[in-house]
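**Student:** Letter by letter, the chains look like this.
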Amino acid sequence: DQQVKQNSPSLSVQEGRISILNCDYTNSMFDYFLWYKKYPAEGPTFLISISSIKDKNEDGRFTVFLNKSAKHLSLHIVPSQPGDSAVYFCAASGSARQLTFGSGTQLTVLP
Amino acid sequence: EAGVVQSPRYKIIEKKQPVAFWCNPISGHNTLYWYLQNLGQGPELLIRYENEEAVDDSQLPKDRFSAERLKGVDSTLKIQPAELGDSAVYLCASSLLAGGVTGELFFGEGSRLTVL
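Quick note, the sequences are listed as chains A and B, same order. Following the working numbering, the residues of the first sequence are numbered contiguously, the last one being 873. Following the working numbering, the residues of the second sequence are numbered contiguously, the last one being 218.
The shape of chain B in the complex, shown without the other chains:
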């Protein structure tokens, strides 16, 4: 069974440029998460989807970040314009149910963003 797939793995951009990350969750997983991981820190939730509905986006900086999950499968996370402080790893995760029956999430390998 294929895991969570993310692309690109690495992205280097100049500040003020836009960037987009794509995630394909595990087949059949209704819940999709975007997490931000800064160096030396644990993942922090940006947004959680139940199918195509964003049920928790309280931590998403809406002035520059946006996300969508059309058709309740793939998801895209966009930053426009990017700032230096956005340099981090953006992790996508999915689970069968909200938080999983046991809270287990399946993570992708992450997209590492460097803003110059």
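The following block holds chain A by itself, in its conformation from the complex:
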């Protein structure tokens, strides 16, 4: 039972355009959501997060949107840069503060 789903295994975007990565969750008890970025042969690194009391959080080029009624969140990267090419993992946590990860989306930003 996948509680956090990233249905797009891969995404290609032209440099300078917007990248939109999507994530769906099924557990209504999740109240904190995070995005991690992973380069090959490295561990995941924290990118941005959002609490369930908000619907948007912005940090530079990265914005995360949360739609609680749809149990959906998305990560927007604007403008996309070649260095953004990586695997992006969506993760969610509840009261136990244990992270449940999605399967990841490989983003490729084309120069």
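Worth flagging that the hints you see were computed from the coordinates, not collected in a lab. Since we're looking at a predicted model, the values are computed, not measured. Treat the hints with care, as some may be off.
To be verified - Non-contacting residues of chain A with respect to chain B, defined by C-beta distances greater than 12 Å in every case (computed):
1) K818
2) N829
3) H834
4) S847
5) G864
6) P873
Claimed, not checked - Rough simulated footprint, nothing fancy, chain A against chain B, three-plus residues with beta-carbon under 8 Å:
7) 146-152
8) 209-217
A virtual CB, placed ideally from N, CA and C, is assigned to each residue, including glycine.
Fit chain B to the given chain A structure using the hints.
**Tutor:** Structure of chain B alone, referenced to chain A:
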């Protein structure tokens, strides 16, 4: 500040052999996690420590996997005997508080295991 350190980075063994992975978390981080990452999948929690106590090991296959965190700092994850299906990346992570104040975990680079 040094990050989470894991060793070895790569390990190739034959099935039925034992293997051990070591993790040194970020200094001062009380919570330590071992995650398993299969190819094309996200990390899956194996065990979580609060200091030296394993507070969540429900996903750890206890027939062949064991872990310890003596003195509440470094941790070792062991597999004995290894099976073909254990080939994966074993990630260690740490956080200051349980799940971090914001849920943020700091990951090491991982130990990639190949079982032949």
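**Student:** State the violated hints by number, sorted upward, taking the hints as numbered earlier in the document.
**Tutor:** 5
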